[in-house]
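Trainee: If you want the building blocks of each chain, they are given just below.
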Amino acid sequence: MKNLYRTFRMALHALRRNVMRAILTTLGIIIGIAAVIAMMEIGSGSSAAIQATIASMGANILLVRPGTASSGGISSGAGSSMTLTPQDCEALLRECPALRGAAPVVRARTQVVHGSRNWVPFFVYGTTPQLLDVREWQIAAGEAFTERDVRNGSKVCLLGQTIVNNLFPNESPLGKEIRVKNVAFTVIGVLVPKGANMMGMDQDDVLLAPWTTIKYRVSGTSATVVNQSAGAAASQVNSLNQLYPSSATTLYPIPSATQAANTPLPVRFTNVDEIFAAANSAGEMPTAIAQITALLRERHRLRADEPDDFSIRDMTELTKAVTSIADLMTKLLLVVALISLVVGGVGIMNIMLVSVTERTHEIGLRMAVGARGRDILRQFLFEAVILCLAGGILGILGGELCSYLVTKFLRWPTLTSVTAIISAVVVSAGVGIVFGFYPAWKASRLDPIEALRYE
Amino acid sequence: MALIELQDIFKTYHLGEVDVPVLKGISLRVELGELVALMGASGSGKSTLMNILGCLDHPTSGAYRLEGEEVSRFSSDGRALIRNRKIGFVFQSFNLLPRTTALDNVLMPLSYNHDHLPDREGRRRAVEMLERVGLADRMHHEPAQLSGGQQQRVAIARALINRPRLLFADEPTGNLDSQTSREILQMFQRLNREAGLTVILVTHDAGIAQYARRVVHISDGRLVPDGAGGAP
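Chains A and B, in that order, are what the protein sequence lines are.
As numbered in the working numbering, the first sequence has no gaps in its residue numbers, which increase by one up to the final residue, 455.
As numbered in the working numbering, the second sequence has no gaps in its residue numbers, which increase by one up to the final residue, 232.
Because the hints were derived from the structure by calculation, they are not lab data.
Some clues are possibly wrong.
[To be verified] Derived pair list, reagent style SDA-like, types lysine to any residue, alpha-carbon separation capped at 20 Å:
| id | chain 1 | residue 1 | chain 2 | residue 2 |
| --- | --- | --- | --- | --- |
| 1 | A | K442 | B | S75 |
| 2 | A | K155 | A | A184 |
| 3 | A | K442 | B | S76 |
Throw the hints in and build the complete structure from the sequences for me.
Mentor: Here's what the structure looks like:
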């Protein structure tokens, strides 16, 4: 220990004797490390920004749908059973730490009327304000409805850009009234355009309203694909509906009030059609899926041998894109960092070699007074490592300054990375050892007689 | 027991295919406390002999006993240890570290000493050595601020810091004027007389050899018997 301290002091002393050379040597490492830090921070900032952008396309969204109902071996298709409740959604929010948000959705397909215009939106979603957060959807004008609107079943709605274009071609829809299946809704906000989703469906063809309103005032059932208003209208007007008169007859006798009282049916819970949930990040998707599965199985009282009565879907394609982009960015940054470090390291080696040649005489003298080869090796190695560490520390400061300036003046997102700082210090010491070794080894192999004679 | 005992030392350099014999069988005894001048023209092999005596190099064959210890077959690390413990060097060109104070120059060999003196003790010793060579007031000067004679005295102090028995001076006055040369040589005499230090002066100058009590002539790789050789 004492020995190391001695060598350290000696190396420091030798460096002080030629400050200019020490500074020039260090400059290579300073620039290298500063480049690494700045690249890491700017890069990880951009990477995070890119990932956030892609995530807003729905990369970390999980779609929980009820399971399949089947009767007599005939499946009714995905989402046909009625097992999900709004309480499930609240429980998800409360008990799944991997989730950033969750919103229930009640779907309807019906006509929307304003004045002389009408339109059938692709998506009529009854939901909570959380959906906007889950889908990372901003309000272009007006404001979102609130939890209170959901509790009250308020007749308010948000419109997507496509509906606005079709119903309100030349006016602002805010505060206007539209009728959804003869229920009057006030338009309180307009969503920013999102364009088509990956399946090519227009995501702006959407009407968002409190799910209570849609559930209890508009749709009443969860029949999701039928144009209910058209169906209702047809039953009143279109005589073609009477083609099959038997359809009107009921198979079973209608129970009387007494019968109903005698055989009470369990109170039907309110179901929702699906639950949108957002994981904290694309990386936490598997955890989120596991948490949701565990929670819903418990809530639905499923035994271990029973299959799930719900299904969870994620946007695998998008998630893969996000992961691969993150991966790519990391590798890119690594390559850039390595190149700059190698450049800095070669600079150190260069100057250390010059320094060995220049100090041949001194090395000879030190050997004459009793320095062994390994003493010389250690001294030169220490010098290189001290230079690299000093360069590393200055480089970190320089890099931080750099990324600060980039953020300040170019408004480029940067992310302070502790990993980058720690690895920069480790790497700069490593560079010092690796690139300082050859010159130090060369110095230690000098013959004292030759070295003393060297001019 | 003699301090230095050389027996039949041969040194041959191999330059490619050709063998160049430089020392051709040298036997020499130097007793503790002697002041010897090793004289010879350039090319006579005196530098080679000094390198072997100073444990900087090993002979091709022959035996070298330093204080009764056979050192001719030591590894380079072993020789470094011997140099550090037992031998001091003074060179023609002073060889002080530039931009380093006289005190630090004198302290330098201590960092390779394996006894690890405490810093304070090392400093005390360095100051004592500098006082001994009369440079107590120049301790914190750098070589560039010292005259040639003063630099050589710093070099002597440095050679003495590890308290060696044996001091080699390789043309110690080659870069000094005659007045300073005299002072330096008198200092060697004084060290020899007062501290019982064995000094070996390597020189080609008969005038310097006068300061020694015994002169050994070397010519063409062999010692010239005492009295037989005169000035070249």
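Trainee: For each hint, tell me whether it holds in the structure or not.
Mentor: Evaluated hints:
For a cut-off of 20 Å, the pair hint linking A/K442 to B/S75 stands: about 19 Å separates their Cα positions. Annotation: proposed proximity of A/K155 to A/A184 holds, straight-line Cα distance about 7 Å (limit 20 Å). A threshold of 20 Å between alpha carbons decides the hint, and for A/K442 with B/S76 the separation of about 16 Å falls inside it, so the pair holds.
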